[in-house]
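Grab the two chains, each in its own frame, and use the hints to assemble them into the complex.
Chains as they are written, first to last, in my numbering: chain E, 1 to 252; chain U, 1001 to 1250.
Calculated directly from the structure, the hints in this document are not laboratory data.
One or more of the hints may lead you astray.
[As the list claims (entries may be wrong)] Straight line, CA to CA, 27 angstroms or less: simulated DSSO-like cross-link-like pairs of lysine-lysine: (1) U:Lys1181 - U:Lys1116; (2) U:Lys1079 - E:Lys32; (3) U:Lys1104 - E:Lys36; (4) E:Lys31 - U:Lys1104.
Okay, here's what each chain looks like letter by letter:
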Amino acid sequence: MFFLKQIEDFFCYVGNIISFIKEIFYWLFTKKRDLKSLGREIIFVGIDSFFLVSLIALFIGMIIAFQTAYQLQQFKSEIHLASLVALSLVRELGPVIAALIVAARSGASITAGIGSMKISEQVDALEVFGVEPIDYLVVPKFIALVVCLPVLVIYADLLGIFGGYLVGSLKFSMPFGLYMRMTIESLGVIDIANGLVKSLFFGSIIAFVCCFEGFRPFSSIDVSKVVTRSIVRSFILIIVFDCILTAFFYFI
Amino acid sequence: MIKLNNVQRSFGEKNVLKGVNLNINKGETFLLIGRSGAGKTVLLKTILGLLRPDSGTISIDSQEITQLSKSRLEKIRLKFGLVFQNSALFDFLTVWENVSFFLKQHTDMSRKDMRKKVSQTLALVGLADIEDMYPYELSGGMRKRVAIARAIIYNPKIVIYDEPTTGIDPIAVDKIVSLIKDLHKRLSVTSLVVTHDLETGLKIADRVAFLLGGKIIFEGKKEDVKNTKDKRLLQFIQGVSGGPIKEMEV
Ligand SMILES: Nc1ncnc2c1ncn2[C@@H]1O[C@H](COP(=O)(O)OP(=O)(O)OP(=O)(O)O)[C@@H](O)[C@H]1O
Ligand SMILES: [Mg+2]
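Bound-form chain U, shown alone (with noise of 0.2 angstroms):
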């Protein structure tokens, strides 16, 4: 469903992503996992083509997405749900217009069915009685359940979610947790998880990728994480500085 061939981006003299290799199938939930600043959020936004790559090819459904015209990759995009890792939720608008603004802007759906709508959306996240506040009213990690309720609000086919569990209190993770693998088993929808939080991950992953030094170093099943040899992806899910992976290698 997504495969990335050789993609790379620099920022500058900046090489973030090396030559990344990736494939993601279709209705299977996939964790991506990278030390901060490997270059997590710039390949979910080169996927989605809010960046470009310098080189290499991303299709999306057997199509080809890096050379297309813009008003091509909107159509695109539309298969996408993104929740951003800082929420970026519209601050001039209220948890209600935030949530329901794609069936707003791509369906003429009435405002009474929007309504409902979105209070049973805001339900899967936890969330209830906030419509009529504005994002600046509510805490960091009521912000990121808004932002997981707008972007699968309108049953996009692949949801991507980066870091959608930090900041968040340990019973809103386990209803996330749930959402997630929920939609994924209703509504066989492909997700792509961005985390460091190793643990949460893996409970709803099916395969699991990690990024070290602008590449893909690791590409498994879940359980094979468990069973892994490779020393560097060890040293990441013990969680300990000494070891491959030096302390200011991302």
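Excised from the complex, chain E in its bound form (with noise of 0.2 angstroms):
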């Protein structure tokens, strides 16, 4: 019986979630957003991550050139290593890193932002003065995280492919230009179609889960709840849509 619950509550649960994000939509698209307003909610859900990808994008770029270097060893094809750097990072580890890091800063916030004023009736007193939560809270947050995570992605691949020539350079004496220009040979439009197509939807899945859980909570208990599960459930969804998606541009 308790599995039968938790089947129930799964499907309520995505029900519920569904119905959220028709509403996003609808409000997208029927009232004019203050230019202001939404460019300031870009900037912050930009700069607050900034840091962390710069730092993580690179290293990662060092890590992969490092291991790639070893496989490559074996095969005396050193040669190949941009590429498969380049390769590596603006199909998956791109997106998928920068995904993660937005969902744990950026993500985070918005839940407990919207939570600790859905305890205070803030949600509420929005609602009596006829301003629809969703469109107020909920939009400028989601259009700001579609708008910023593909930016975050480009600027991370940039940084692993620098931590890459690093490698290659230092361990290889690779020239730059030579660095550069099998990089760029390596990579077809499908490839960077790739990653910005998935950064898209990891950014709607941080808004939709991150501001979905925000409207639960009924205490100040609730909210430390709510911001634990929906760091865990985007990163889950992330992680899941980044393999369906992968997936899906294998075959194609």
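Set out below in structure tokens:
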């Protein structure tokens, strides 16, 4: 019986989140936005994760370069280092890393922010003043995440590639021009599209899950619970969708 | 203007409203009293459609609202101004942004006019020079008065005050009492005031209702309250713990 209850809860959750998403899209296209506050929101999300993304992308680039070089050594084909690093970053690691970082930083603060407004009745107050909370609180966050994530992903890709170059140049003394030429030659349009499509999906997932969870607490104890839950659920969904999208792009 | 018919609402096992009937006429100042935990706030939120009743009907200006869609309900809400019990100011906005919130969302008044209107409204509740502060920099009583200013700035037809005078010093209470009276006289707003501060309540009210045990057990004119024979109301007025209302009964 316990299992049945869990399954029922799961479908309830999915149903609720789908109608939540429908409402987000409804408001996204019905109302004009205040560009200034939207800009602030975007900058906020971007800056929030900028430092951590820089640091981790650079190191991940170097780590992949070492790991790839180690494997390539066995075939005496270290020359392919640049293209392998670029491909793993652009197709896979760049989007996932950026998304996980943004989920942990901005996602958590979005859930906590909306959650504390909910328990202090500020969400009710919005409704009393004839303002739809989804329109006022959620849609700007959604737009900010969907705009920021691709930008952060491209930035993470570039820094990661630079990290790879550091290894290539120090270990194998590859010249910068050669490394970059090999990087660019190895990347097709489809690889770049792959990374960007993923980042759009991940940005949306973070917005949907973290905002949805924000509306659920009834007390301040609940707020800490929903924050943890929204990060965990975003992580899981990001990885699951990464797998689905990777398979999709593999077969087309 | 506001008509409740057998409104019920429970939270899980707990029946809070067990069939409330209430009739608030246009232009009157109506006082709702009841013990702490009686369900006064729940009742107000049900009237505004923030909580849906389990059963019963509520009509505002002879329009039934319990079955309305969210967007239709939103239109009706614009008639209301609500002062939350805990103020519920937007803590990411300054005082002046809080008070002008409605004007900014629903009118295209210029910034300059808004600022002027905000400082006028703040003066009505006895506040000045706090426009650029954030809510956390204010005392509880100041927050409450800002919340009152925020609720009345757009001249809503019905103003609901949830405990407007608790936590406020006597001089400011007097200011608020005369404000509520004045709004009533000048703009003939309908006011619904919830409080357990009966003395202040009776200064402003035309009619009074007493919520006990999830039902309205008394509804009548202010004068009727003073001459009441109802033992439970008498006990509430006199504020004694022994009597027909048990200590734990709300
Ligand atoms: N969201 C909720 N979930 C569960 N129970 C609730 C909820 N809101 C209110 N209640 C219950 O309803 C009852 C009435 O609460 P309400 O806040 O309306 O009291 P009140 O009359 O406004 O009291 P006070 O004068 O102290 O403000 C309380 O016993 C409370 O436990
Ligand atoms: Mg209350």
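Exercise for the section: Mind checking the alpha carbons of U:Lys1104 and E:Lys36 for me, to see if they're no more than 27 angstroms apart? Expected result: 14 angstroms, holds
Practice task
Given the hint that U:Lys1079 pairs with E:Lys32, test it: the Cα-Cα distance must not exceed 27 angstroms.
Solution key: 24 angstroms, holds
Handout entry: Satisfaction of hint between U:Lys1104 and E:Lys31, Cα-Cα up to 27 angstroms
Key = OK: E:Lys31 and U:Lys1104 at ~15 angstroms, within 27 angstroms.
Problem - Restraint status (C-alpha distance of U:Lys1181 to U:Lys1116 at most 27 angstroms) - result: 23 angstroms, holds
When held up to the earlier numbered hints, the structure conflicts with none and fits them all.
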